[in-house]
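Asks: Listed below are the residues making up each chain.
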Amino acid sequence: MPNSDQNFIDSNSSCRGSYYTMSSKKASIVMLAAADASRFGESINIVFRWKRSLYKMIWRHSLVFLVVYFSLTALYNFGLEKDNKKHFEALSAYFARYTRSFNWMIMLGFFTNTALHRLFTMQMTTPGTAKTATIFIMSLKQDLPEGPDIVDQYARWVVLAWILTFRSVCKPLRDKFPNLTAIQTSGILLEEEKRILQRGGYPTPRPLIVIEWLLLLLKECVKEDRYINKSSHNKNVEAVMTFKKGCSNIIKFSTQNIPYAVIQAVIIVVYCFGVVTAMARNLPKFDNEIVRHVIGYFPVMPYIQFFVFIAWLSVGRAAVNPFGNDDTDIDVRKLCEAHMQDLNWLTELYTKKLDDVFYNLP
Amino acid sequence: MPNSDQNFIDSNSSCRGSYYTMSSKKASIVMLAAADASRFGESINIVFRWKRSLYKMIWRHSLVFLVVYFSLTALYNFGLEKDNKKHFEALSAYFARYTRSFNWMIMLGFFTNTALHRLFTMQMTTPGTAKTATIFIMSLKQDLPEGPDIVDQYARWVVLAWILTFRSVCKPLRDKFPNLTAIQTSGILLEEEKRILQRGGYPTPRPLIVIEWLLLLLKECVKEDRYINKSSHNKNVEAVMTFKKGCSNIIKFSTQNIPYAVIQAVIIVVYCFGVVTAMARNLPKFDNEIVRHVIGYFPVMPYIQFFVFIAWLSVGRAAVNPFGNDDTDIDVRKLCEAHMQDLNWLTELYTKKLDDVFYNLP
Amino acid sequence: MPNSDQNFIDSNSSCRGSYYTMSSKKASIVMLAAADASRFGESINIVFRWKRSLYKMIWRHSLVFLVVYFSLTALYNFGLEKDNKKHFEALSAYFARYTRSFNWMIMLGFFTNTALHRLFTMQMTTPGTAKTATIFIMSLKQDLPEGPDIVDQYARWVVLAWILTFRSVCKPLRDKFPNLTAIQTSGILLEEEKRILQRGGYPTPRPLIVIEWLLLLLKECVKEDRYINKSSHNKNVEAVMTFKKGCSNIIKFSTQNIPYAVIQAVIIVVYCFGVVTAMARNLPKFDNEIVRHVIGYFPVMPYIQFFVFIAWLSVGRAAVNPFGNDDTDIDVRKLCEAHMQDLNWLTELYTKKLDDVFYNLP
Amino acid sequence: MPNSDQNFIDSNSSCRGSYYTMSSKKASIVMLAAADASRFGESINIVFRWKRSLYKMIWRHSLVFLVVYFSLTALYNFGLEKDNKKHFEALSAYFARYTRSFNWMIMLGFFTNTALHRLFTMQMTTPGTAKTATIFIMSLKQDLPEGPDIVDQYARWVVLAWILTFRSVCKPLRDKFPNLTAIQTSGILLEEEKRILQRGGYPTPRPLIVIEWLLLLLKECVKEDRYINKSSHNKNVEAVMTFKKGCSNIIKFSTQNIPYAVIQAVIIVVYCFGVVTAMARNLPKFDNEIVRHVIGYFPVMPYIQFFVFIAWLSVGRAAVNPFGNDDTDIDVRKLCEAHMQDLNWLTELYTKKLDDVFYNLP
Amino acid sequence: MPNSDQNFIDSNSSCRGSYYTMSSKKASIVMLAAADASRFGESINIVFRWKRSLYKMIWRHSLVFLVVYFSLTALYNFGLEKDNKKHFEALSAYFARYTRSFNWMIMLGFFTNTALHRLFTMQMTTPGTAKTATIFIMSLKQDLPEGPDIVDQYARWVVLAWILTFRSVCKPLRDKFPNLTAIQTSGILLEEEKRILQRGGYPTPRPLIVIEWLLLLLKECVKEDRYINKSSHNKNVEAVMTFKKGCSNIIKFSTQNIPYAVIQAVIIVVYCFGVVTAMARNLPKFDNEIVRHVIGYFPVMPYIQFFVFIAWLSVGRAAVNPFGNDDTDIDVRKLCEAHMQDLNWLTELYTKKLDDVFYNLP
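Residue numbers (my numbering), protein chains in the order written: chain A, 1 to 362; chain B, 1001 to 1362; chain C, 2001 to 2362; chain D, 3001 to 3362; chain E, 4001 to 4362.
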């Protein structure tokens, strides 16, 4: 059955997309494929890719740099007379002194390193909805008549809290759910719940209201004696608090991640470096005609230096705010859909039995 | 209902302010907005912002630097005669040798990196009042007549311990609550409790006294059999001990964070570097008139070098003491108000039932 | 009994291979042996090893570098006339200015450091199948008639989820198990289970389906009262969720590890550096005949500089994707076999008693 | 009541000293005050402070450096004749080549970074006595007649184990408690216990003996059924094992922290750098009279370079051994006193009730 | 009683050796003494120590370096004629260009930093036998007739698993216990157990067999109802699994710690640097006789540069494999003896009561 196997591979790689909170299915396949291939040959492939690439991040900066560079070359070659040429040469040599700015690179290196480190920590601790809901489902008695309703409600509320949290840090999700009505349309929010969330004068923020509902539901379950073990109550409270902590960390990450001033400092430094590099050309030192042409018209080396700075800066800034619209950002919309799909699965988990899946069990 | 949706967005972004222990609502919106916008165009915006900016941190230093620099230029151009000019040139060339001090930058880089790393660790482990109180509330039996009083007391004491802890590390909070009477006015402290806290001869510090009350209240609850599960007692003791540990870590962070000598070392190094950079100008090497004018009157490059150092130092120092009055610091006052607002919500959590919120539950 | 002792050492070192999730037995013995030997003498050995070595990684790059280098030398010595020689010398001196690119090395250093750090974190948190299964087995009552079947099923499913997870990130394992039939042949998957996994229209990914089976089986066990302690149910749910989290982290590591753009940036930088180094030769500065011959025909120093860059890049890239086919990668096939062998051992653990092993117990 | 408020502030800041395991009350106030003040003006204050300062650490080294430097200057100016002056100039120029030793600084930077990182980890995991004792007290039944005695014994033993542990790594504490009799005088050790600890032939170390007592006491409590919950027994055993682990980590930190060879390497490098810097002076390059006088008599720049190295080295070495007598070290004596004061408080915690503190409780 | 106090100090410092899993008692005392002493004076001591020192690590390399260096000097001074002298000078000047290889040092710095970081993590998570055994002992009922036997068996097996694990990574322990008979002689292994371990055809590695025994024993204890609490069973299973994880991490650390290729890269780089440094001497730049003598016969500066590299490399390599025979390695033999001594203490812990130690208890 080659067809089903082909199918297997496809659905398998897609599963990563929906289940394991991955961002972009396609991009990851590209990366994996690239990484799997022989490392020498395929380097070329990685380097020439455009999607999620560095080039998309920096082509505008590169363009500006090159335009400035060539304008100065044109000015020097055609726009200036003899005396002014001397002055130009002297000035550009003066700037050339500052192009080997290791200090700046050390600053930038630590900045990007810190940003990547925090991004990694955040990725590893992103709150998932599945764990909180699964623990709840597994701790309920199994033949409660109201069980399916409660489970559905609980799982839905967890996803709702997740959406409300990410909505406040992630513009694409805000575009997807511009208001509560949009969330209601997707089926995550009921009419009555929407009304409560919209009721004015609330001192507490919306995700907290939903988490309050979760806690109240847990209290109900204790009162109605719906748990298998009494000690499950504590476990569930803990799971909800952990989920809340996770949401809170996402917000903290978006707002307190790297001090504002650090980002300003590195941006200014990199832009200054760009300007200096575009102006610096050590003409007095090289008399050779060919070299002077290379300096004027093929600014490969200055551009590479600028490239290192702007690339590292772009990487750092993308890591500082990974919830944006760019290809390189975490695709929160996809993630959100995955969580919403898990909902159905989780609700089924309560009613299903192993016998429903397999027939010849011991 | 465009109005309510507008309202939704507002209250949603404000919720981050009150709930997720964020510092300054406005600043974070700015940051998020900045980060969400297209990254090329909006770089300009970030760079020109003033609030919470680097410029507020370093404008005084920059001013002093430029004043010194231009004074020396004026001295050289107008104040010195021929021989002294020679001496000045030679001296400034001598200093120019030391402006590329990578060693200093490596030291500074590790310092700021360490400071940012610890700040991040601290931010992620700041003790919250909500968790401790919620666990207590959720573990109580649900229809105790004295329940609401106990819950209110417990939650209030947790917030009180929080305030007393942060008061001792954070000057703005000390300004807000200059004495116990001020705390009492805010409703967190009762008259009787104030009297006990003020009673002289106490060998123990005040936050510890409040934590003792929490523990005694837990003992009461065991004795009066107020828990749903007996094992909840252990959980609650643990939660209180974790909270105490968190408070203790805040104090440790403020006082033992980075050794005092490290801060001295980097400050001295950066100030020395500033002085050297202001005096260094490689005049003998550049004969060209224009370049000499640029060196004298447009000290862009020396200033940028100084900028890198002073910016990185400022960032590091702000990270070492994040509880101050500056824009860049954590706004502990706002945080404190958020915790106090949570109080009401938490007290309600005990009495409220899910039926009170929704009417058509299973 | 010298024979059995010899045997002891052999099986002992092999045990690491099968049990402790090690990759290549032989390589590790080599490493340990190398490390155990006197450190001075044996340095030579490490350096000249080929398997899992740096050389295998970089010999292609080195070859290209040297070919380019010698071609340029030949061109200069035999292909160019007097004027062009001048131009060549000037150009290569111009490039020589850029070979001491500390900025580039700082960028590369942080990249490889980050990659190694994450690899280490991942290695330490790789999900193991033994823990999940052991906890389940140890929490079952001991004389259940259906016990052995359940234990076998549970352990098998854990291994199956492990394989399905690693199959999606690791090409060698995908080669080993190209489709579900191949897994079935190895005995991990039953016919019926295969049919369920192949059933189309499933919204959920395959490893999740298997984890769902595990959870359903746990529910069965609660219902049929198969646990020694009731509280074991919670422990087992937690163990499964931890296992799921581990699987999810593996996927995340493969796909979100280091941003795509970072890898592009460092590859471009290193290749540029290679080109620059191959073209740079500071001929004008050295008039001496011998030195010029050394520069032309024994490019030891330029090559070493290139070597540092390409070696560090290779190490970083191998750390970014450790699930490939290379010698240096984690040998997931071996690991997989080890997990499958553990299956038998785990199933026996349920039925065996201490008396079966020892006869004279208290 | 201004008096009591003043009192409040004082006792509040002192509380940090006794409770939150802080070292030196005064120093921390200075630091906090410094950090609270406006950051520009108060930089001057931090820099000119003497207590716990860098200067105390490095003034001896600085003195030696300057004496050597000026001796060489004197030798050159007054002790050498014309030919020898030439030789001196040539030699010092030769040494000047090596003063920009970035390699050395990178090594030193990583060393100090590692040392500070470990110190931070250690500070955050120092074992406290309060947690272990509080958990025990809170898990006892409340009206046991022997309760107060047991609680006192348990808490005392925890402190005793703490003292015996820190005594072996911290000289100041060894000076305070030169022998068991000194500990007995302080009331922590009873006569009988001292005799047991002194009994010869014990193969186990002393802190372990005390921890054994703790475990035996826990066994007693299980047997006599003194716990509220039976499961408290496990919690208490865990708490004791965690405490033991903490003690063990303190010892490990003192003895295995940074490999001995690393410290040797950095010390040698820094001292060599000092010697080189003192001898290097680039006299041939500077003909100007004034500059030569500055070089000879105002060695600001060489000293600053040496300063960076010696400061960073001192910081690293202080971080490697933080249990000494220096101002910058952790004040273990104060810490010890704080733990001993907690004893009384903890013993009271068992007997006290909330009614004893407040009279109008629900 | 000065005698007993003297005794107190001795046994106290020795206790660290046996209990807190320390390696070498003497070395640690030296280190502590060194660290306690006044830091200025005692620097000299640290630097001149030989045991566990850097010198032992690098004297061979240093010797080779110096021999090569002086041979080249001799060749230049006595072996070469005028023309060849010119060539030699030109060549050595060419090499001198490459001695300031910051790139190399950055690579080496990150390598050693990574190695030290992992060593620290490993040291902090080394599995101890005491915890696993103590938890078991404390959870048994107190008057079981078979208790002492079971406790002895359990504790012995834990130590046995520890030895079998470390035996496979640590050559000194393999020398101490060349085969199972040697372990049996030490009393850790019984005849019957040895026979089972030797039985051929076992697919599982030996430490795993012992851990299986532990699990089977736990099952026995549940069945025979030997626990105080039923929930202790779970705790014990967890403790065993944690111990197993710890053993597995030790193996992983030894074999997967730092990729093989990294070690090759840094070794090659450092050796190349050594060769380059030995050949480089900037003779053309220094005409002065004295300086040329210093360059030829007192290669202090080149050696120091080489020293930094080789020292840092040695430190990194010692951190990569800390289980060897060197002084600087962890003394696993001592550690092993300490664990074996703990055995007796642990067995006593079960039978002893507090009354046996103290007579006048409440």
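To be clear, the hints were calculated from the coordinates, so they are not data collected in a lab. Treat each hint with caution, since some may be false.
Partner residues are not named here, just some residues of chain A that face chain C (Cβ under 7 Å, in silico) [unchecked claim]: (1) Leu-54; (2) Met-105; (3) Met-122; (4) Thr-126; (5) Pro-127; (6) Leu-140; (7) Gln-142; (8) Leu-144; (9) Leu-173; (10) Val-222; (11) Arg-226; (12) Ile-228; (13) Lys-230; (14) Val-308; (15) Ala-311.
Computed Cβ-Cβ distance ranges for the label pairs, DEER-style [what the hints assert, rightly or not]: (16) Phe-78/A - Phe-4298/E: 35 to 41 Å; (17) Trp-2059/C - Pro-4178/E: 55 to 61 Å; (18) Lys-2245/C - Lys-4230/E: 50 to 56 Å; (19) Val-4064/E - Leu-2075/C: 26 to 32 Å; (20) Asp-2356/C - Asp-4355/E: 55 to 61 Å; (21) Val-2067/C - Lys-1285/B: 54 to 60 Å; (22) Lys-2245/C - Ile-1196/B: 44 to 50 Å; (23) His-4087/E - Val-3275/D: 44 to 50 Å; (24) Asp-3152/D - Lys-2245/C: 31 to 37 Å; (25) Asp-3152/D - Arg-195/A: 44 to 50 Å; (26) Glu-337/A - Lys-2245/C: 41 to 47 Å; (27) Thr-2121/C - Glu-337/A: 27 to 33 Å.
Glycine included, every Cβ here is placed at the ideal spot set by N, Cα and C.
Asks: If a hint holds in the structure, say so; if it doesn't, say that too.
Replies: Here's how the hints hold up against the structure:
For Leu-54/A, the interface hint holds, since its Cβ comes within 7 Å of a Cβ in chain C; the closest pair sits about 4 Å apart. Of the supplied interface hints, the one on Met-105/A holds, with its beta-carbon coming within about 4 Å of a beta-carbon of chain C, less than 7 Å. The criterion of a C-beta within 7 Å of any C-beta in chain C is not met by Met-122/A, whose closest approach is roughly 11 Å, and the hint is violated. Because the smallest distance between the Cβ of Thr-126/A and any Cβ of chain C comes to about 9 Å, over 7 Å, the interface hint for this residue is violated.
For Pro-127/A, the shortest C-beta to C-beta distance to chain C is roughly 12 Å, which exceeds 7 Å, and the interface hint is violated. Annotation: Leu-140/A was flagged as interfacial toward chain C, and the flag is violated, the nearest CB pair being 10 Å apart, outside 7 Å. Using the Cβ-Cβ criterion of 7 Å, the hint placing Gln-142/A at the interface with chain C is satisfied: the shortest such distance is roughly 6 Å. Against a cut-off of 7 Å between C-beta atoms, the interface hint on Leu-144/A is violated, since the closest Cβ of chain C lies about 13 Å away.
Taking 7 Å as the C-beta contact cut-off toward chain C, the hint placing Leu-173/A at the interface is violated, the least distance being around 18 Å. The interface hint given for Val-222/A is violated, since its Cβ lies 15 Å from the closest Cβ of chain C, which is over the 7 Å cut-off. Look at Arg-226/A: its Cβ only gets to about 14 Å from chain C, farther than 7 Å, so that hint breaks. For Ile-228/A, the shortest C-beta to C-beta distance to chain C is roughly 6 Å, which falls under 7 Å, so the interface hint holds.
Hint status for Lys-230/A relative to chain C: violated, with the closest Cβ pair at about 9 Å, above 7 Å. Interface restraint check for Val-308/A: the shortest CB-CB distance to chain C comes to about 5 Å, inside 7 Å, so the restraint holds. Taking 7 Å as the C-beta cut-off, the interface hint given for Ala-311/A holds, the closest approach to chain C being about 4 Å. Take Phe-78/A and Phe-4298/E: their Cβ atoms lie about 59 Å apart, and the range 35 to 41 Å is violated.
Checked against the hint of 55 to 61 Å, the pair Trp-2059/C and Pro-4178/E fails, with Cβ atoms roughly 40 Å apart. Distance hint check: the CB atoms of Lys-2245/C and Lys-4230/E are about 28 Å apart, inconsistent with the given range 50 to 56 Å. About 39 Å separates the C-beta atoms of Val-4064/E and Leu-2075/C, a value inconsistent with the hinted range of 26 to 32 Å. A C-beta distance of roughly 40 Å is found between Asp-2356/C and Asp-4355/E, which places it outside the suggested range of 55 to 61 Å.
Taking the beta carbon of each, Val-2067/C and Lys-1285/B are about 41 Å apart, not inside 54 to 60 Å as hinted. Between Lys-2245/C and Ile-1196/B the CB atoms are about 46 Å apart, so this pair conforms to the stated range of 44 to 50 Å. Between His-4087/E and Val-3275/D the Cβ separation comes to about 34 Å, which falls outside the hinted range of 44 to 50 Å. Checking the proposed 31 to 37 Å range against Asp-3152/D and Lys-2245/C shows it is violated: the Cβ atoms sit about 45 Å from each other.
Separation of Asp-3152/D from Arg-195/A is about 59 Å and departs from the stated range, judged on CB atoms against 44 to 50 Å. In this structure the hint that Glu-337/A and Lys-2245/C lie 41 to 47 Å apart at CB is violated, the actual value being about 21 Å. At roughly 29 Å, the beta-carbon separation of Thr-2121/C and Glu-337/A lies within the given 27 to 33 Å, and the hint holds.
Checked against the numbered hints above, the structure violates hints 3, 4, 5, 6, 8, 9, 10, 11, 13, 16, 17, 18, 19, 20, 21, 23, 24, 25, 26; every other hint is satisfied.
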